[in-house]
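Novice: Residue numbers (numbering that gives the first Met the number 0), protein chains in the order written: chain A, 0 to 135; chain B, 0 to 413.
Honestly, the hints are just simulated from the structure, not real lab data.
It is possible that some hints are incorrect.
[Claimed, not checked] Mimicking DSS-like on lysine-lysine, the simulated pairs with C-alpha atoms at most 30 Å apart in a straight line are:
#1 B:Lys73 x A:Lys87
#2 B:Lys104 x A:Lys87
#3 A:Lys96 x B:Lys73
#4 A:Lys22 x B:Lys12
#5 B:Lys85 x A:Lys97
#6 B:Lys104 x A:Lys80
#7 B:Lys145 x B:Lys12
#8 B:Lys85 x A:Lys96
#9 B:Lys412 x A:Lys80
#10 A:Lys80 x B:Lys85
#11 A:Lys96 x B:Lys38
#12 B:Lys412 x A:Lys97
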Amino acid sequence: MDRPGLYFYLLLYIIIRSENIRKVLTENPIYRLLIKNEKIIISSRKIFITLSIVTIIVIAILIVPNKSSLKHIVADTLSFKTTILNVKSIMNSLDDKKVGTQYSNACIESIGKLIKNSKQPGDGKPDILHVREQHP
Amino acid sequence: MNSINPMNSKTLKTYNIVFYSLVAAAFLFIFLTNPFLIKLYDPWRYHLASIAEFYNGVSGSGRIWHLVWAHVFKFFGISNIFTWAKIIHVFQFLLAAVVMYYFSKTALNILIKSPLSPLLQSGVSKRFSPQASRRGDLTCGNDNKKINELRTIQIKFLSLFSVFLWFIGNGTFSVAYQQAWIMWYSVTYQGLSIPLFWYCTALTLKIFYVEMSLRRILLYIILIAITSVIIAKLHPMEFLYYIINLVLILLVNSKRLLNIENKKYLLISLPVILIIMILAVKYLIDRESGLSILFTSNETPVQIIQKINIMGNEIVSTLNRFPNSFSEVARVSIFAAVLFRIVYLFRKDKSQDSNAIYIYDYLLVSSLVFVLIPIIPFLAGAVGYITNPVLVWRCFFGSPWFIFLPFIIYNYKE
Numbered sequence: 000m001d002r003p004g005l006y007f008y009l010l011l012y013i014i015i016r017s018e019n020i021r022k023v024l025t026e027n028p029i030y031r032l033l034i035k036n037e038k039i040i041i042s043s044r045k046i047f048i049t050l051s052i053v054t055i056i057v058i059a060i061l062i063v064p065n066k067s068s069l070k071h072i073v074a075d076t077l078s079f080k081t082t083i084l085n086v087k088s089i090m091n092s093l094d095d096k097k098v099g100t101q102y103s104n105a106c107i108e109s110i111g112k113l114i115k116n117s118k119q120p121g122d123g124k125p126d127i128l129h130v131r132e133q134h135p
Numbered sequence: 000m001n002s003i004n005p006m007n008s009k010t011l012k013t014y015n016i017v018f019y020s021l022v023a024a025a026f027l028f029i030f031l032t033n034p035f036l037i038k039l040y041d042p043w044r045y046h047l048a049s050i051a052e053f054y055n056g057v058s059g060s061g062r063i064w065h066l067v068w069a070h071v072f073k074f075f076g077i078s079n080i081f082t083w084a085k086i087i088h089v090f091q092f093l094l095a096a097v098v099m100y101y102f103s104k105t106a107l108n109i110l111i112k113s114p115l116s117p118l119l120q121s122g123v124s125k126r127f128s129p130q131a132s133r134r135g136d137l138t139c140g141n142d143n144k145k146i147n148e149l150r151t152i153q154i155k156f157l158s159l160f161s162v163f164l165w166f167i168g169n170g171t172f173s174v175a176y177q178q179a180w181i182m183w184y185s186v187t188y189q190g191l192s193i194p195l196f197w198y199c200t201a202l203t204l205k206i207f208y209v210e211m212s213l214r215r216i217l218l219y220i221i222l223i224a225i226t227s228v229i230i231a232k233l234h235p236m237e238f239l240y241y242i243i244n245l246v247l248i249l250l251v252n253s254k255r256l257l258n259i260e261n262k263k264y265l266l267i268s269l270p271v272i273l274i275i276m277i278l279a280v281k282y283l284i285d286r287e288s289g290l291s292i293l294f295t296s297n298e299t300p301v302q303i304i305q306k307i308n309i310m311g312n313e314i315v316s317t318l319n320r321f322p323n324s325f326s327e328v329a330r331v332s333i334f335a336a337v338l339f340r341i342v343y344l345f346r347k348d349k350s351q352d353s354n355a356i357y358i359y360d361y362l363l364v365s366s367l368v369f370v371l372i373p374i375i376p377f378l379a380g381a382v383g384y385i386t387n388p389v390l391v392w393r394c395f396f397g398s399p400w401f402i403f404l405p406f407i408i409y410n411y412k413e
């Protein structure tokens with residue numbers, strides 16, 4: 000191919016590409032979002048989120064171990080005990096004997112003892128305060 | 000509620016009186032309740048003892064929560080341990096109630112008052128436009144104002160209902176006691192960190208879904224930053240809930256974020272929040288996550304997945320307290336929410352130009368994720384590696400399940 004022909008094709012190529020370059024520069028979402036600050040309508044599938052939710056539920060049902068199977072969850076729900084117990088526990092909190100607020104003076108003494116016996120810096124005593132036996 | 004004539008101001012007044020009477024009764028109830036102080040259990044044995052250590056000047060290994068309360072009691076000269084417990088219990092119970100009300104009201108406001116809310120029946124949504132009502136450019140401006148007032152009081156009632164559900168629907172079990180969450184945790188640092196987590200989430204929802212000035216957005220970002228720091232210092236688990244929530248909001252709203260016209264503020268606030276999160280994780284949480292240790296070890300990806308699965312199976316089969324924390328009312332609420340979403344899918348008259356469906360999807364996905372973490376072995380294993388295997392079941396407390404039941408009841412009533 001002679002040289003002018005080559006230049007012609009090169010020029011044509013640049014023109015075609017420049018349109019693409021212009022498009023890339025001005026029509027890319029980042030430019031439109033940040034500089035032109037315009038709305039971008041993305042054709043998304045409307046049921047995408049719902050499908051994901053359904054998929055999560057299906058996966059959950061398939062993967063959950065026997066202990067928390069759907070059958071058990073339904074049975075637990077119908078037996079309706081946790082919520083009732085929670086209401087009961089809130090109501091019980093009105094009775095100070097049931098929640099142990101007035102447990103006894105021994106409690107205050109026990110706290111006093113714990114503080115007395117607790118580890119002082121460098122005294123070598125066991126740190127009994129932070130043995131947490133009954134963590135909820 | 001829709002049977003009343005919205006024009007009748009007397010009815011509105013009655014509603015307001017009933018509402019504030021209920022609030023007053025709830026406050027009185029909270030003041031009358033007692034903290035759970037059975038000997039050998041955490042509130043007594045660990046938390047009050049740690050406060051006592053700081054109070055008496057003994058250098059203890061308690062957290063900042065214990066230190067602050069010790070200084071407060073020292074400042075006011077209160078030395079009785081039972082008085083300490085009662086003060087902390089009432090303060091944290093009240094704080095939880097107020098913050099949960101704020102979160103519920105924020106979420107329900109966006110769900111119900113969003114312009115042309117597609118989640119409501121078309122007949123109802125077309126009657127009402129909060130923007131038009133604020134501008135006062137309607138021919139029937141007075142009617143619109145009345146409807147707005149009616150809807151506001153309805154949202155207040157629904158928010159109160161949500162708070163009630165939250166109090167009775169979250170629980171925990173230890174040895175022989177099934178306790179409501181608030182009764183168990185009212186004298187612990189989690190009694191403060193969980194309400195703060197919901198406060199952070201409510202502010203984030205406002206940034207994402209409510210049109211605001213730059214000044215207000217900056218204020219909310221500062222509040223989120225301060226609250227995040229407090230949460231990260233008090234109990235980093237709630238910080239993890241917040242990060243999961245933030246990621247879910249971004250994922251669910253990705254399409255909407257590109258659609259909104261003035262994205263400037265949102266695009267500024269997002270990186271700021273993310274930077275705050277990264278700094279808080281890096282400098283405020285003093286323990287390294289097991290997951291990062293696992294990833295930096297020489298294990299192959301398959302071995303890592305296997306390890307996560309093994310831990311997950313162990314958590315689900317032995318360490319899980321999921322059935323005692325995940326109450327029946329929460330199950331009913333989430334089931335109703337999924338049903339509502341499926342029914343909405345087949346509704347023909349829905350509008351796409353609204354925040355309501357986006358916030359609904361976010362709340363639903365978030366609820367499901369937090370509920371599924373303690374059930375699905377892989378998720379449980381991953382969270383177990385990030386935090387502590389014995390605490391994975393607590394992820395349930397990050398689920399906003401309590402919003403759905405009031406919203407759906409309202410929707411079908413309308």
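Novice: All hints are to be evaluated individually against the structure, with a verdict given for each.
Specialist: Hint check:
| no. | hint | verdict |
| --- | --- | --- |
| 1 | B:Lys73 x A:Lys87 | 35 Å, violated |
| 2 | B:Lys104 x A:Lys87 | 27 Å, holds |
| 3 | A:Lys96 x B:Lys73 | 28 Å, holds |
| 4 | A:Lys22 x B:Lys12 | 60 Å, violated |
| 5 | B:Lys85 x A:Lys97 | 15 Å, holds |
| 6 | B:Lys104 x A:Lys80 | 29 Å, holds |
| 7 | B:Lys145 x B:Lys12 | 12 Å, holds |
| 8 | B:Lys85 x A:Lys96 | 14 Å, holds |
| 9 | B:Lys412 x A:Lys80 | 28 Å, holds |
| 10 | A:Lys80 x B:Lys85 | 28 Å, holds |
| 11 | A:Lys96 x B:Lys38 | 13 Å, holds |
| 12 | B:Lys412 x A:Lys97 | 40 Å, violated |
Hint violations for this structure: numbers 1, 4, 12, all remaining hints satisfied.
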